[in-house]
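Undergrad: Once you have looked at the hints, place chain Z on chain X.
Top to bottom, those sequences are chains X and Z. For the first sequence, my numbering begins at 1 and goes up steadily by one. For the second sequence, my numbering begins at 1 and goes up steadily by one.
Heads up, a few of these hints could be off.
[Unchecked claim] As a list, the in silico DSS-like pairs of lysine-lysine whose alpha-carbon atoms are at most 25 Å apart:
id : chain 1 : residue 1 : chain 2 : residue 2
1  : Z       : 968       : X       : 91
2  : Z       : 474       : Z       : 291
3  : Z       : 836       : Z       : 872
4  : Z       : 968       : X       : 94
5  : X       : 91        : Z       : 822
6  : Z       : 370       : Z       : 291
7  : Z       : 407       : Z       : 308
8  : Z       : 822       : Z       : 739
Keep in mind the hints are simulated off the structure, nothing from the lab.
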Amino acid sequence: MKTLAKRRILLVEDEAFIAMELEDMLLDAGAEVVGPVADLPTALAAAEGEEIDAAILDIMLGREEVFPAATVLATRQVPFVFHSAHAEADKLRKRYPDAALYSKPVDTEALLSGLAELLA
Amino acid sequence: MSAVDPIEAMQADPHFCPIIGVGASAGGLEAINDMLGAVEEGSDLAFVIVQHLDPTHVSMMAELMDRRTTLSVRQIAGGETVQPGYAYVIPPGNSLVINDGVLTLEAFDEPRGVRRPIDDFFFSLARDQGANAACIILSGTGSDGAAGLRAIKERGGICAAQQPDTARFDGMPMSAIGTGFVDFVLPPEKICDRIANFFSNKEDSEGRAGSIADHIDAICEVLKETVGHDFSGYKQSTLTRRIERRMYVLEITEPSDYLARIENDTLECEALLRDVLINVTSFFRDPETFKALDEYAVSELIERSDAKRPIRVWVPGCSSGEEAYTIAILFAAALAEQDKERRVQIFATDIDEQMLTQARLGQYPLSSLKHIPDHLRERYTFGTDGHFEIDGRIRDMVHFSSHSLIKDPPFSKLDLISCRNLLIYFGDDIQRAVIPLFHYALRDDGYLFLGSSESIGANEKLFATVDQKARLYKREPGRGAYPKNFPVTRRIVGDSYRARKARRRDFNSNADPDAAMARLLGRYAPAHIILDRHGDILSSAGKLTKYLDFPSGTPTRQLASLARKDFREAVQPMVRKASESDRRQARQDVEVRSDYGVQTIDLVVDPLSDGTKLVVITEADAFRQEIASDISEAPEAIDAVHELEEELRVTRLRLRSTVEDLETANEELKSSNEEMMSMNEELQSSNEELTTVNDELKSKADQLSGLNLDMTHFLESTELALVGLDSDMRVRTFTDSIKSIFPLLLSDRGRALSEVRQLVYDDNIIQDAKAVMETGEKMQRLVTSNDGTRTYSMQILPYRPKLGGVHGPIEGVTLTFSDVTKLSEVQTELRAQTEKLRVALSAAGMGVWDFETETGVTHVDGVVREFFSIPKDKTADFDDFMNAIHEDDRDDMVASLERAGETGKQWKREFRVPKPDGSIMWLAGAGRVLDSDAENARMFGVNFDITEAKEALAARDLLLQEMNHRVKNLFTVIISMLSLAAREIPDSKELVKKVRSQITALAGAHNITQRRTSIQSVSLVELITTLMKPYTSTHDVTWQGPEIDVPTGSITPLGLIMHEWSTNALKYGALSRDGGSLMLQWSMQPAGDGESELVLEWREQGGDVEPPKDEDVAGFGSRLVSLSAQQLRARVVSEWEKSGVTHSLFMPVPDAEAKQA
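Okay, chain X solo, but in the shape it has when bound (with noise of 0.2 Å):
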């Protein structure tokens, strides 16, 4: 079984809730939670600076999307997946083919499991 445990997940998504409980289940999982970030500058900078393993991205930070920090994260070689309402799937895997996307309202279990296999 794969596991989160001892991972460090960066955790972007700006609505309060969804971070909440996004969150709780990381650390459920035994992974550390770098964030919630819930704007563009505080990822990027998360993106660049921090050690990552994977990362969840919100695509719409209020008004802005999540992508230069994605693409900085692509650079570094650290996997990631997208959360979000945003229905655009064809865009996004042109852009990042590696990256799934998960529509919120997510099955929060597929999404960690999922987050598991990048990290396998």
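TA: Just chain Z now, with coordinates in the frame of chain X:
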């Protein structure tokens, strides 16, 4: 001209089609048209038409004739070879000859007025074509053609004349018929058919000659009976040919039928006679021979002659007399040269009465003149109106009389016999007998002059040759023997054959059956003599020797010559008296002395009804014998006789002088007559020409009349309104329909158009008409009627009549008016509709285009130009559009247009046009191809601006997207909410309560977005109001602050934060006890960088407040607040004081949002 063997001529092998000469004059055009009009298609005859024409007048004859016949009619230009199926017409001012079938024009020798073109041509045609020729004489005055047709006949051709009663002028036909040589007399339309039959019969005949030979004797017998001449001695072949020709003419195939015909038809006998006798002669025939004659015979004879004895010449077979006159001229000239005066008597004889009459006249056609040497011509001939005459002196030298070489005794004591081209007609027997006859008739050393195809045969003993070539011989001395076997039968002189025959028949019928009667007359009745009008004895019976005495010398029938003196002296006066009074004369006791005595007689002279006289001699007494010498006459008687003789002499003298006076008067009258006739001939000539011209003009006038009628009908009936003006702008012609424009009447012709009332409103018509006249360029425009109800299209055209196929100068103008009112109305309607459409389109912001699929050229209106930024003056094409369209849309555009072009289906597209200011304009285009099969098919369509709609759509999409997003988000939030709550609150009822209140607050917060048009921001006041309102009814809650918009995305976090604070306040804070109050205050502080900071203060007052315990800080609520604040990029500071807690929220707000709602 050399002598022609008629046999040769008739056998001439025609290698041309039959050539027919046609002569016509006044009234001829009509006759020719009728005649040629009856010619069948494909005829192989050829016609040459000679007509008397005015030489100064251009003739249209050929053209006029050509229309009326299946033949091709051409005016002769010269050099044409005659072809079958053609008619050749002589042009004015020319004479015509034919040689070897080729027509040549020549100038006239003679002055105008005395020309005989028809004769001239017929002579030429006869000479050239012989038996292949024919001639036709049609209407005309005068006698042109009568001489020429003889030549045609002589050479074996045939002749036809127009039936005089069908001819407008019968002069020429009558003259022709008068020659007796015309074979057919028919109305014009029947002539050609007969002639065609003649020629085809001729072709068809084979070996007919043989069967004719069988009948020749019988035919000659009939002829002899009828006309009194025996042709059995004539050359068989000649006779055969002549008979044959008559048969062709009459269309008789069997000689036996012809024999039957002449037995019963006297006219046919005469026709055959004429044909047989035909013999054309001319002056100085074979001129070299006459030179020889002149040199040898004429000069010698004159030498030998003396003043007392006349030089006697005989010309047998003289025909129309040319030869006789030739010899006369020669003698006259020679005598004049030698300055001698001698009497010359020339006896010219022939059996052809008609020829003799003509010869006596001494008039010949001018064409005959050419043969006479000039110097002689001048001296011995004089020209008159169309012919020339032999001088009277010459005429007096020649005596013409009827004499048959075969039957009648010859003349005697002759110095010269000229017998040329007569013997060739005779058979061998006669020929053999004639030369000795001539020998007998000539004096010693007399001359014989024969024709070039004749000779003296075996009679060298009788004649010595003087000039063989000239056929001139001299009589060898020796006694001439009268040829015994020469038939001499009774000769009847003077009257026509028919009368004579009738008489003979009468007489014979009297004599024949009754022998007893003969006996009675001969023996018992008194002796009698029957005399004719001239005093010749017709017959006699009884003993007449006492009364008549036959003198020596020339046999005669004259009673006066035969009667003995006494008898003569008695009977002559009685005969005279009987003639004058037409009454019986009687005398008694006339003594007639004869050789042996005296016989007394009673004498009666009784004129009979038929013009003859019966002289009855009754012996009154016995014969008294006496001896001649016993004659003693009473002086009285002698005196009486002398007196009578004296009286007689005086009377004779008086008579002679009277006669001379009469003759002189006669001559003068003749002279005046000749002058008048000459004037008449000239007038006739002009008349003929004028009539010909008149015919042509009439024909033209008829045509013109017809055309004029057509024109009038057209002008009246056409609906086209037309008026023609001349160069002075005067009315020349107009149609009826013009009346609605210009009310013209026929009397307005010649009036200036400017004077005519005008029913259309236009002042420039005349001016423009003048301009058209000058420039020759047509003009067209619209004019309206004065009352405005009608519109006309007016055309002004130059009037340039064609002459001979070429346009001449401009002679006027033609104005036409077409009523285009209807059209005009339609046009106006169309314009109105178009305008409406344009307005509608303009209002709709639609541009219209017309795209040519082949060339790409597009016709566009202003709207389209604006859409695609195409300059005003440029012709739009496909590239202009492509360049204007957004590059991403171009390929699609092209493909879709092509598809539409091929399929003919509607084309619809939306595309972007980037504007110069950077914005994007969305255009829609729709169109359809018209007639996609055509080469340059066109697509018509519209463009319209859909930018607004598009933007609205885009905005809507965006909204929907956002809504979607938000909804998803909210669900997620709620789920998270649930999950979180589940961790914290074990009791499900409490859990539900908590979550419900949270959800409700959230729902309330989001409600406010509904009321906003913008989805980007919400009013803070509304948000706070919505969130806090539920508490106001039960608690002291107030809020206050400026109207500020906050981003929509902040609703949830703000809502959550304030809900948390509210819950806390309710649970532990100011709102949990009485007297507690809550006050919210906010304001905006500028923060630089296009942002402001919202400072929101949550001040609770009253009630005990305990600061939260540590676990609470990390509890769900505070976690939520801190995360939410993070979401807002806000800072939250909470201060707990005794009076209550104060939360402060510091949230950045973009300036764009921070505006009044």
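Undergrad: Take the hints in turn and mark each one as holding or not.
TA: Here is how each hint holds up against the structure:
{"no.": "1", "hint": "Z:968 / X:91", "verdict": "holds, 19 Å"}
{"no.": "2", "hint": "Z:474 / Z:291", "verdict": "holds, 16 Å"}
{"no.": "3", "hint": "Z:836 / Z:872", "verdict": "holds, 23 Å"}
{"no.": "4", "hint": "Z:968 / X:94", "verdict": "holds, 23 Å"}
{"no.": "5", "hint": "X:91 / Z:822", "verdict": "violated, 67 Å"}
{"no.": "6", "hint": "Z:370 / Z:291", "verdict": "holds, 16 Å"}
{"no.": "7", "hint": "Z:407 / Z:308", "verdict": "violated, 32 Å"}
{"no.": "8", "hint": "Z:822 / Z:739", "verdict": "holds, 19 Å"}
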